[in-house]
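Novice: Order-wise, the sequence lines are chains A and B. Per the working numbering, residue 2 is the first one in the first sequence, and the count goes up by one each step. Per the working numbering, residue 22 is the first one in the second sequence, and the count goes up by one each step.
Honestly, I wouldn't trust all of these hints.
Claimed, not checked - The list that follows gives simulated cross-link-like pairs (lysine to aspartate or glutamate, EDC-like), each with its CA atoms no further than 16 Å apart: (1) B/K191 - A/D411; (2) A/K137 - A/E325; (3) A/K115 - B/E77; (4) B/K389 - A/D312; (5) A/K137 - B/D152; (6) A/K137 - B/E370.
What the hints assert, rightly or not - Covered stretches of chain A, as calculated for chain B (at least 3 residues, CB under 8 Å): (7) 112-123; (8) 453-460; (9) 517-531.
Honestly, the hints are just simulated from the structure, not real lab data. As the structure is a computational prediction, the values presented were derived from the model and not from experiment. We treat Cβ as the ideally placed atom computed from N, Cα and C, and that holds for glycine.
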Amino acid sequence: MTTGTPMTDASAEDKASGPMLAADGTPLKKSLARALRMEKIRASMLIAPLLLFVLVTFIAPIADMLFRSVENEIVSDTMPLTTEALEDWDGEGLPGDAAFEAAYYDIFLAAEQKNHTRLGTRLNYEMTGASSLFRKSGRGLDDIGEVYQDQFEDLNKDWDEAATWVELLGDPDWLAEQKEWAASEEGRQPRFKLREGMDELLPVTSREYATFARYQQREERKNLLEEEPWSAVHTALYEDLAAGDMSSYNGPRADMLKAADELVAGADFETVTFRDGFEEIDRDWVKPEIWRTIKLYSPNYTSGYFLNSVDMQLTPDGVEARPENQRIYIMLFQRTLFMSMVITFSCILLGYPVAYILSNLPSRTANLLMILVLLPFWTSLLVRTSAWKVMLQQQGVINDVLVWIGLVSDGDRLVMINNQFGTIVAMTHILLPFMILPMYSVMSTIPPSYVRAAKSLGATNWTTFWRVYFPQSVPGIGAGSILVFILSIGYYITPEIVGGTTGTFISNRIAYHISSSLNWGLAAALGTILLAVVLLLYWAYDRIVGIDNVKLG
Amino acid sequence: MKFSKTLLATTALTVAAGAVAAQEMSDSMTIVSWGGAYQNSQIKAYSEPYLEMHPELQISWDESSNEAVAKLRAMNEAGNITWDLVDVEAADAIRLCDEGLAMEVDHDEILAAGEDGSSATDDFGDSIVSDCFIPQIVFSTTVGYRTDLVGDTPPSDICAIFDLETYPGKRSLNKRPIGNVEWALLCDGVPKDEIYDVLATPEGQDQALAKLDSIKDQVVWWSAGADTPQLLADGEVIMGSTYNGRLFSAIAEQDQPIGMLWDAQMLDFDGWIIPEGLPEDRLARVKDFLLFATDTQRLADQAAYISYGPARASSAPLVGKHAELGIEMAPHMPTDPANATNVFVTQYEFWADYRDDIDAKFQAWLAK
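Sequences are here, hints too, so could you generate the full structure?
Specialist: Have a look at this one:
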């Protein structure tokens, strides 16, 4: 091992002289590391407020908003039993009675909590008519339960008393605690506990009464000893009595329960199947569409919003294109990109000469002219957009002048507003300062000596400009273009006012879904796609031009 | 003796309850409305007289009704409701109610009975379109036209919009389907009472769009209520739809050469909702204000400042003159019998179901 020797030598030397020490006796390496660490902590403490601020007020809300484009918990949260019952359903024909039963209990609770209309609105995005179907069902489901409630009540009035139910189903210890609490109504209500064995004897009733108890105690903060249960519990009791055998039961209220069991077994007992009950509310419940929609949108995450935003839809048979007369988003994305590019190029064409002149004038005159560039920049956006309306409309200034000098006849005045042309003109004007300012700041750093040198070497004016000046001004164009393009791709108010029907952008639809249709999921999906497109273009720009070539000043 | 004791006790209790309620009412209230002339009419008719009775109260107005639905949802998710009372259109009230963002109210309990003794529910009648909605005014979307640009026979019925031969020139329509598709079907020969049945079918929707297609290149689409009066004033369009109050102010207040139709006016309601989840003291204040601001006289007073009809039937006979112009306001109300001969009441339940669907088709058609 020839290489071994020097290494052993070096370590031997180290050991001999010991580590280099700082003034206070600690090893220099350690002391340096500590100093550096302190500096790092200090530096990060300095930027911490800004970082936190950006995280809390900017990144987190955006991430939260974008997350909505896939989030879909509302269906399984509101209809947990139905979601479970539909799990094995193959989507052919109607689901079995178990699904109707589950839907009854789910919607009943949702209606009490006033969540059913919210779910209806959500499902209406996917299936027209779901909104009123759920609204109606919330009101109509009482009819099913009241059939049983009335019959039990006729048998024994105590079935409509809160005390019956707490004694029948409640754990004796819990009941004692609850009574103690009820005397003062102070502090927390003891949480309802089922009596042992009841979930075997009366499984559905136990589940439904526990749901009822949870709702009353947690959300309404009512005393369970005084609240008679809602009719879904009576329905559940009927189901249990019809299915099970009560003869061995000898706990509290055994007589009542046995009497009820006899009543249910009797021939005169009136019953309603869940399916008939639902059909009574609305015939749409006995068509497969609503069940397919519920099943399709029951997972916690959905690709439905993203598919919608590219003119497709989720169907039981897989992903399909939307009918042709409903496709708008791809077209709007294309239009937004195309028009933003046109606007960017118009800004380059108009802004370049202005920036060139500004940077080559003596600073006094340049400053004066700069104010002219900035003046519209300081004017309200709405005022400038509305001014363009006055200028461009058919009875507007430009058309009046053209008619007056005889270029167009009074009958066929030019249509320059409420279309793409109007949007391009108004937005080019509004975004022009964002192009001129970076261009100007880059151009004013180009030394005039280069141009003079080129000319003294015999170049023509054009060659001097094209070979010497222009390449040096490209970073300004790049910076201006990125600014203008990214601003215009998300522009909203100007296209809304002057865009008519052919000049509106995707952002107008996003605004519509945020503020008007309340379909935030779709709005978030559209926004996410827009963000992805911008990042993609930025990446392409970096690959082609190089982001290092961009200078903002 | 026993009776008078009970009476005394009840009175004492009521007084005590009243005193407690007064103590518990919040001293500030944020009311959200639409701004402009409409909000001004509310300030004059409701809040100024109320403030005279309650000088300790601070009312701030927020002009956000336009985006109220989205903002209320955001506030609800953030768990911080900063608004106490919000003025919204009926359709938005239904949506807020469905979303659980507006509070359900018992109209007979929180609103005053009519001056003629009818219960609040009867007095407001059909305008209570949702359990959360406390109606204020009836307004309508109707058509105005330039009297000097429509020739010798000014239009008299709604189908003039689709009649390019008699009335050549541009017209302005709302940039959303609601209202337009109903008119289109009506003018395509569908009987009035079948319109929503037809519109519920894909064929019916196509039929409405086909009718609109016949005038598509002559239409300027508006998105703000002020657009049509401006377009009419500039001579950009010869006729166009907008809210009746906007037309009234262009005709009567600004003296423009504009006439208006009442034929097939689309009746709509505007009113209050109380956001869900207000703390008790603020809720008490809002209820106290609402009881005052929606009584028969207050609703009638509002009509002195703007030409929207009071939602209470009992207010109609009390509608007086315009506060500045001194003209009788009753003939300018959409609910006036002479104007209400052919009225369309927007079916909210239909639109709650079909809005997403028809809107997608309408927007795709617009963009073509």
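Novice: Hint by hint, say whether it matches the structure.
Specialist: Hint check results:
no., hint, verdict
1, B/K191 - A/D411, "holds (15 Å)"
2, A/K137 - A/E325, "violated (32 Å)"
3, A/K115 - B/E77, "violated (36 Å)"
4, B/K389 - A/D312, "holds (15 Å)"
5, A/K137 - B/D152, "holds (14 Å)"
6, A/K137 - B/E370, "holds (10 Å)"
7, 112-123, "holds (count 6)"
8, 453-460, "violated (count 0)"
9, 517-531, "holds (count 5)"
Checked against the numbered hints listed earlier, the structure breaks hints 2, 3, 8; every other hint is satisfied.
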